[in-house]
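Residues 3 to 331, numbered by this note's numbering, are exactly what the sequence shown covers, in order.
No lab work stands behind these hints: they were computed from the structure. For each residue, glycine too, the CB sits at the ideal point set by N, CA and C. Check each hint, because a few of them may be wrong.
Unchecked claim - Pair ranges (Cβ atoms, derived):
hint: 1; residue 1: I63; residue 2: D238; range: 50 to 60 Å
hint: 2; residue 1: E28; residue 2: S237; range: 20 to 30 Å
hint: 3; residue 1: V266; residue 2: R184; range: 26 to 36 Å
hint: 4; residue 1: G198; residue 2: P299; range: 23 to 33 Å
hint: 5; residue 1: K182; residue 2: Q311; range: 29 to 39 Å
hint: 6; residue 1: Q223; residue 2: P169; range: 16 to 26 Å
hint: 7; residue 1: P316; residue 2: S61; range: 17 to 27 Å
hint: 8; residue 1: L254; residue 2: E176; range: 18 to 28 Å
hint: 9; residue 1: D330; residue 2: K82; range: 20 to 30 Å
hint: 10; residue 1: T273; residue 2: K182; range: 31 to 41 Å
hint: 11; residue 1: G215; residue 2: D330; range: 49 to 59 Å
hint: 12; residue 1: G129; residue 2: T179; range: 19 to 29 Å
hint: 13; residue 1: P75; residue 2: P49; range: 18 to 28 Å
hint: 14; residue 1: K182; residue 2: A212; range: 36 to 46 Å
What the hints assert, rightly or not - Computed list of lysine to aspartate or glutamate pairs in EDC-like fashion (alpha-carbon distance at most 20 Å, straight line):
hint: 15; residue 1: K190; residue 2: E320
hint: 16; residue 1: K82; residue 2: E147
hint: 17; residue 1: K130; residue 2: D38
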Amino acid sequence: MIISRTPFRISFFGGGTDYPDWYLKEGGAVLSTTIDKYCYLTCRHLPPFFADKHRIVWSHIETVSSISAILHPAAREGLKFLGFDDSMGLEIHHQGDLPARTGMGSSSAFAVGLIKAMTALRGRMIGKHELALLAIELEQQVLKECVGSQDQVAAAYGGLNLIYFLPSGDIRVEPVTIPKARIEELDKSLMMFYTGTTRFASEIAAKVVANMGSKQQQLRQMRSMVDRAVEILNSDTDLNAFGELLHQSWLLKRELSSAISNSVVDGIYRTAMESGAIGGKLLGAGDAGFMIFFVPPEKQAGVKQALAQYLRVPFSFETEGSTIIHYDE
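Hey, can you work out the whole structure from these sequences and the hints?
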């Protein structure tokens, strides 16, 4: 039995420049971190005496005689993509610390975790770079999802990273190495709230991609903010500048498509800012899910009270990325 654990991510700056439609021409960059909320995938070869060949457990329980009959698209196509067939039975269980379709990169975490677990089932420990590229290929080329490339990289690598997307199609990951006290200060200045709603990211992403031709100025500004954010982290500048930059970035992101925000999200954001937040954003493609705010610790009680009707989700940064936490041949 194999168990993979793959983290969800928070993207701070550069989102939008990680779509192939953009970075294959212009290049792109993202600043993101992974957090201690995870996607778990347990897999094993199913013994032959069971009536059905394969068992897939997610929000549904599937027992099927063929991989082609699996309803879960990423599981079905992922197994085919990795070269699995019906010669041996498979059992896969999926669990997540956070709900799907909420802007935390859950679909990419699943893809990364599936590849990590299934390659381990074959006795191979795949490297982070190859893992990220395979997950990108699975989501974009095989599943034909309109998604960017940052979530797969973040989930595979883990940690606070500056991720470059090259016109060649390759990626380069540079860990942001700053003093532990600075990391902890950033960690403690962030608050995450759940709006209580979900959405399909690919639908919103398709609208963003369709608008790219007319939003080049905004995307270039968002890309430049990645460099500025790293400069702030690497300096003695008051960290509130990071929050202020986050606010500017959110205003730019909202200009990419009318589908990115809505009256509920705008209301939550306005309330948080009036209560002491310095900046924030809706995570992921937009419209629903989780929101992150930069709030000085002394202001957090006020923000929590003002947003009392929304679930606050405490978290901490993590650095491991996708890993095998149980390996039993």
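To see whether the hints hold, each was checked on the structure:
1. Range check, I63 to D238: Cβ separation about 54 Å, and the 50 to 60 Å hint holds.
2. In this structure, E28 and S237 meet the distance hint of 20 to 30 Å, their C-beta atoms being roughly 27 Å apart.
3. Range check, V266 to R184: about 34 Å between beta-carbon atoms, so the 26 to 36 Å window is met.
4. Between G198 and P299 the C-beta distance comes to about 26 Å, which sits within the given range of 23 to 33 Å.
5. At roughly 35 Å, the beta carbons of K182 and Q311 sit within the given window of 29 to 39 Å.
6. A hinted range of 16 to 26 Å for the beta carbons of Q223 and P169 is consistent with their spacing of about 19 Å.
7. For the pair P316 and S61, the beta carbons lie near 25 Å from each other, so the given range of 17 to 27 Å is met.
8. Separated by about 23 Å at the C-beta atoms, L254 and E176 satisfy the suggested range of 18 to 28 Å.
9. Taking 20 to 30 Å as the suggested C-beta distance range, the pair D330 and K82 conforms, at roughly 25 Å.
10. Hint check: T273 to K182, Cβ distance near 33 Å, so the stated range 31 to 41 Å holds.
11. Range check, G215 to D330: Cβ separation about 52 Å, and the 49 to 59 Å hint holds.
12. The hinted window of 19 to 29 Å between G129 and T179 holds, with their beta carbons roughly 21 Å apart.
13. Roughly 26 Å separates the CB atoms of P75 and P49, a value that falls within the hinted 18 to 28 Å.
14. The given range of 36 to 46 Å is respected by K182 and A212, whose C-beta atoms sit roughly 43 Å from each other.
15. Of the supplied pair hints, the one linking K190 and E320 holds, its CA atoms being roughly 13 Å apart against a limit of 20 Å.
16. At most 20 Å may separate the alpha-carbon atoms for a hinted pair to count; K82 and E147 meet this at roughly 17 Å.
17. Between K130 and D38, the direct Cα distance comes to roughly 18 Å. Compliance with the 20 Å bound is thereby established for this hinted pair.
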